[in-house]
Structures are given as C-alpha cells and as structure tokens.
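Make a model of the complete structure from these sequences and hints.
Chain order of the listed sequences is A and B.
For the first sequence, counting from 1, position 37 maps to 37 in our numbering; every step adds exactly one.
For the second sequence, counting from 1, position 9 maps to 9 in our numbering; every step adds exactly one.
Honestly, I wouldn't trust all of these hints.
Claimed, not checked - Residues from chain A that face chain B, not an exhaustive set, calculated with beta carbons under 8 Å:
hint, residue
1, Arg5
2, Val8
3, Lys19
4, Tyr20
5, Thr80
6, Val83
7, Ser87
Please keep in mind that the hints were generated in silico from the structure rather than gathered at the bench.
Don't be surprised by glycine CBs; every beta carbon is placed ideally from N, CA and C.
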Amino acid sequence: MKRNRILVLVKGELMRLNKYNVFAISILIALMWSAILYFLDSNILDKVLPMVLLVDATMMSIMFIGSVMFFEKNESTISTMLVTPASNAELVLSKVLANTVHNMFSSILIIGAFVWIKHVEINYLLMFVGITLATAFHTILGLFMAYYQKNFTGMLVNIMIFAFGLMVPTVLYMLNVIKGDWVQYLMALSPIQAASEVIGGGFTTYTYAWQYYFSLGYMLIGAILIYRFLVLPKFQDYAVKQSGV
Amino acid sequence: MFKVEDLRYKYPKNKEDVLKGINFEIKQGEIFGFLGPSGAGKSTTQKVLIKILQDYRGKISYNDRDIVAFGNDFYEDIGVSFEMPIHFSKMTAMENINFFLNLYKRNADVESLMKRVGLWEDRNKMVGEFSKGMKIRLNIVRALLNEPKMLFLDEPTNGIDPANAKVLKDLVKEFRDNGGTVFITSHIMSDIDQLCDRVAFIVDGEIKEIDSPRNLKIRYGRRELILEYKEEGKTVRREFPMDGIGKNEEFLELLQTKEIETLHSGETTLEDIFIKVTGVGLRNETE
Numbered sequence: 001m002k003r004n005r006i007l008v009l010v011k012g013e014l015m016r017l018n019k020y021n022v023f024a025i026s027i028l029i030a031l032m033w034s035a036i037l038y039f040l041d042s043n044i045l046d047k048v049l050p051m052v053l054l055v056d057a058t059m060m061s062i063m064f065i066g067s068v069m070f071f072e073k074n075e076s077t078i079s080t081m082l083v084t085p086a087s088n089a090e091l092v093l094s095k096v097l098a099n100t101v102h103n104m105f106s107s108i109l110i111i112g113a114f115v116w117i118k119h120v121e122i123n124y125l126l127m128f129v130g131i132t133l134a135t136a137f138h139t140i141l142g143l144f145m146a147y148y149q150k151n152f153t154g155m156l157v158n159i160m161i162f163a164f165g166l167m168v169p170t171v172l173y174m175l176n177v178i179k180g181d182w183v184q185y186l187m188a189l190s191p192i193q194a195a196s197e198v199i200g201g202g203f204t205t206y207t208y209a210w211q212y213y214f215s216l217g218y219m220l221i222g223a224i225l226i227y228r229f230l231v232l233p234k235f236q237d238y239a240v241k242q243s244g245v
Numbered sequence: 001m002f003k004v005e006d007l008r009y010k011y012p013k014n015k016e017d018v019l020k021g022i023n024f025e026i027k028q029g030e031i032f033g034f035l036g037p038s039g040a041g042k043s044t045t046q047k048v049l050i051k052i053l054q055d056y057r058g059k060i061s062y063n064d065r066d067i068v069a070f071g072n073d074f075y076e077d078i079g080v081s082f083e084m085p086i087h088f089s090k091m092t093a094m095e096n097i098n099f100f101l102n103l104y105k106r107n108a109d110v111e112s113l114m115k116r117v118g119l120w121e122d123r124n125k126m127v128g129e130f131s132k133g134m135k136i137r138l139n140i141v142r143a144l145l146n147e148p149k150m151l152f153l154d155e156p157t158n159g160i161d162p163a164n165a166k167v168l169k170d171l172v173k174e175f176r177d178n179g180g181t182v183f184i185t186s187h188i189m190s191d192i193d194q195l196c197d198r199v200a201f202i203v204d205g206e207i208k209e210i211d212s213p214r215n216l217k218i219r220y221g222r223r224e225l226i227l228e229y230k231e232e233g234k235t236v237r238r239e240f241p242m243d244g245i246g247k248n249e250e251f252l253e254l255l256q257t258k259e260i261e262t263l264h265s266g267e268t269t270l271e272d273i274f275i276k277v278t279g280v281g282l283r284n285e286t287e
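Here it is as structure tokens:
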C-alpha cells in the first residue's frame, strides 16, 4: 500500500519534537502562561490572553522551528533526507505542518484552560483559522531566518531583534498606547500585527473591520509567497551546506 | 548503469573546478571504486551522482537516461551511506529505521539486515548511546532499506575496527552477488583491493587510471619471484625475473637443494601502483 509521504514526514517531525523535548517545553510554557493568566482580573485577562496566544503563535513558532533546524544541523540528518524519495517541497511543508500542529496543541491547552475556568467566549473555527495562519506564516519566516544563521544563539538574537522591532509596537498598539489614523495603516504592514488581528478574530468580543480581512490575506498570501520564493528555492543549498559540503 | 562524461564541478566559493572533466562508466553488477587521497574529489563525485550537488557540467546518465530527467523516484533505486554517521540520536535504532522505511515503496527485511550487521539486539537503544562502529553499521542498514539497485558508499569502513569492517565488506559483496551495483569511495587501499571489480585512481579532480585491481597489479607489478631459503643457519633472499623462470637453472637448483622458507611473486600493492601512477600518496603527500 502506498503511504502518504507528507503524513509520514509530519509524523516523524512530531515524533522528534517529542523526543527532543520540544513538546515538553512547549507544554510547560503553556501551563506557565495558564497559571499566570489564572490570577489576572477578568478585565486585564481580555487584553492579556490574546497577547499570550500571539506570542505563542509568532515568537514561539519561530523559536521552535529554529531549534528543530539546529538539532538537525548538529546531527547532519538533513543530508540523509535529501537522498530519500521525499521532495524538498514535502520536507519543508512537513516541518511547517508539524510546527503548526505542535503550536496548535499548546494554544488549545491555554484556550481550553480559560474557556473552562474563566468562561472566555471563543469562536472556535475562527480561532483555529487564526492560530493556524499565524503559526504557519511565522514558521515559514523562522525557516528562512534559520538559513542565514550559523547557530541557535544567532537565531535567538534575530528573534530578539524581530520581537523588539515588531512585537513591542503591536503590544503598544493593542494597549492603545500608540494610536492614530496613520498608525493603523503602518501597523497593518507588520506580520505580528496581522497575526494579532487573525487571532483576535477568534474572540467573540472582537470587532471585525478591514484590518481583519486584510490580515487574513496578508498571512495566507504572505506565507505562500515566502514559502514559494524564499524558503523552497534556498532549501537545497541550505541542506547541502548542512551536510558538510 | 551509470555513465559519466566530462564531469566538471566547482564549489560556489572556489575559483577552480574540483572535478576537472572526469569520464567513467559503472557497469551493472560491479563494485566500482574511487581511490584517492583526501580532497581528491571522491565525495564530490558521489554527491553529484546522487544529485545532492546539482550545478555540474558534463553529462551523467543512469540506465541511459540523463539523471536531470529523474524526479525524486530516482531515490527509490539507490541507497546512500555517507561517511559520517547520520541518525536522529534521541531516537532508537528501530525508530530511525522505521521512519525512513515508510518513505520508500520497496522495503527490505529489516530484521534480517539488523541481525546481519549485529544490531538486532540493540535495536531499541537510543542511537546516541551507540559506538561509532554501530552507527556506521546502522548507516549501511539505512542505505539498504529500500532494496536499492545501486549502492553509494562513502568511506564505509573509515574509523571502524577490522571485525566490523569485515562484516560490512561481506555485506557489500553479497549485495553485488545478488545483482546490485556499488560505487564506493575510499582512501583505504585494502577496502578497494578486497572489494572492487574495477577501480579509478583520482587525484586533484582528475582520473589517472581505471582498471581492475588484478589488471593493475599485472600491468604495474614487478615481474619477479622472491625466494627465501636457509643457508648455514641464516635466511638468504634472492630475486629472479619471472620471464623464463622455468628454465632458470640457478633458481631451479635452489629449489632442489635448499630448504625453502618462502616463495612469492613480486606483486605490487595497489597503494604502490597508485603512487607510481599518480605521483601522490594516499595520505596526500607528493612522492
């Protein structure tokens, strides 16, 4: 019987995330966030919970895919993947899918805890779509960032720059610290802000405006473009370099 | 099976070609060896043949079809063992094997392969706990998982003990005897001598000679007989030309009158021939 190669690859990626304790760390972080959020007042929780989900789907996605890439780099396993019938597209896609599934799992943990304990109201379908798009986009971005870093420390520095450059303005915008007509257009260009909008759309209290639909398109089309034109063409070079050539 | 014509390759950061127009053919059912010092272009050639390095010049055909025309189904036919052990160290040997096994249409009998290389008992151990020799043996199992028609082995016995090296060599010979074709790169003369049906000497990206180890020895070897015999309590050594040995009276008399200790033909080792042909030692020093 012909097996679905993508499924085999995704299963393998998830298995390695588990074996290399990335899953365990992810669950620990989810539990930590849940504990912190549990003690927050309901008024603050409405603001902080979307932020936590945003950090989880964006920064943590980049960090986790970075760790996977550098684990593979240390073991040179990527070169052995190149000589299997799996295509480069399947290899990259499996990493994106596995990271998205993995991140969805920790997000569900956080959301589940708050739906159950604090009775937060969620539109499950839109939340699923939002987290999936935000995670997939940032995983693809993380893959691209990993190509140009020699080690995980370099990757972390990039993530910090990314966080300060894009996450901080988004958080300030969410908290209404920065506002104004021109700001909303400027912020629409930020992938973190786009992720914030698509995740925000999963809360029943969210007010839908043009930003939501623009962000959905941004995440979807952006992910496809980065994957197609930046990540996939460079994968072979990256993999060959990791194989010690 | 594989035909390589005027193959040239340059690494992006290099000024010069690493492979400088090499030509050779690997015939179905043979073990073809690439013997050369480090940096000669052996592994680069292998990486080009297995389509890891793609920006080469020249033509490579597999079963009379340009390898460029093959998609990833090419890898259904080939098995590759890299020089370095390449496994997921936090997974067991069987977890590693099962993961790769599911990527292929054809699957070999894993239990039999693992038993053959002496790893069956350790199949549920983390690969990170394996010795280098065990990891290299697992490399070979990994390469044979899809019942390949062609096997590529890069320095397969490098860094493993003689007993394990023998296990691997026997496995490779058995693969060939069952109809498989093998391309092997090595700087270890004995591997090539014991395994290969034909060998190419490669130095600085150029092939200097291709033939069977036997033919090379006949062609480049000294045609002489070396005789050692006892005389007055001491060992005396004499050398005689092979030509006309049956009529060489001195030689025949020694055979009849002396206590012979050893009698050898003046066969030259492959390493000596390599040096003679290329002017370079296998440890990369100019002779």
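A quick look at each hint next to the structure:
no.	hint	result
1	Arg5	holds, 6 Å
2	Val8	holds, 4 Å
3	Lys19	holds, 4 Å
4	Tyr20	holds, 6 Å
5	Thr80	holds, 5 Å
6	Val83	holds, 4 Å
7	Ser87	holds, 5 Å
This entry satisfies every hint, going by the numbered hints stated previously.
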